[in-house]
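*Asks:* 167 is the number that the numbering used here gives to position 84 of the sequence shown; each next residue is one higher, with no gaps.
No lab work stands behind these hints, which were simulated from the structure alone.
All figures in this text were calculated on a predicted structure; none of them were measured in a lab.
Check each hint, because a few of them may be wrong.
[Unchecked claim] Taking lysine-lysine pairs in the DSSO-like style, the calculated list, with each CA pair at most 30 Å apart, reads:
hint, residue 1, residue 2
1, Lys146, Lys194
2, Lys222, Lys146
3, Lys255, Lys194
4, Lys298, Lys194
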Amino acid sequence: MTISCCTWALAGTEADVLTAIAGAGLRHIDHRPFDFRSAESRRLISDLGLTPACMATGFGMPKGAALDAAGTQSRTAAIEHTRRALEYAHETGIRRAYLLPGDEGGEESLKRYGDSVAGLADTAGGYDIKLCIEHFPRKALATVQDTLDYIAKLGHDNLYLLFDIGHAQISKEDPAEAVANAGDRLGYFHLDDNDGASDLHWALCDGVLTEDVLKTTLATLDDIGYDGPVSLEMNAGLPDPLAAIEAGFRLVRSLYQSTTDPSSAR
């Protein structure tokens, strides 16, 4: 199993962030469209043996732009931002990227969002990038099942689910069951914890998440043949986000090793 880490959990210079993650033992990173563009940062990623795994395309979206916007100009701006993010992901060798759902759940908003997403899925496919939609409480696609149903309705071969275990806790969905239901539509996996009500991105098992639930969910990933990374997404506002990343990395690796071939976790 490949374990990655969302780089926006850490503050400091890009060199500091990359060096800290590598020092924690991780070898894969997720990043934002405007990060690590300099030659120095790209060289350091290579020197540290880090591999970019996923692009969070929604960061840096222009003000007022949205993939489900009623105004053509606002929608076009969001599509162009995402297209450029996918282009950058391709340049860095990333093979997975994700979108956030829109804020409005009405039929017309979801149709506009779907039109935008379908075109972007074509673009991503041309780059050999799996494009995922993240289920997100209190947005248009608030649950795992809502998102899976929507992806099935759109019927695009290059649209997948980004499963966030913390979001599933808020929507009261069983993580292992949700992963099993996703099956071959599971494109990416975020790991974080919370109090079951707010999207806090705490360290693993500091909230409602238990080791037993996490272990069962990781085993289910193996059952469905998921071959992508799992990514630690910690809150930059934690007292010590690097410690949360280090602890999460150790825990996930340990739990996965307890259910599979020990050599497969890295």
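*Asks:* Against this structure, judge whether each hint is valid.
*Replies:* Checked hints:
A hinted pair counts as satisfied when its Cα atoms are at most 30 Å apart, and Lys146 with Lys194 qualifies at roughly 21 Å. The straight-line distance between the Cα atoms of Lys222 and Lys146 is roughly 18 Å, inside the 30 Å bound, and the hint therefore holds. Taking the CA atoms of Lys255 and Lys194, the gap is about 26 Å. The hint holds against a cut of 30 Å. At most 30 Å may separate the alpha-carbon atoms for a hinted pair to count; Lys298 and Lys194 exceed this at roughly 37 Å.
Comparing the model with each earlier hint shows a violation of hint 4 alone; every other hint is respected.
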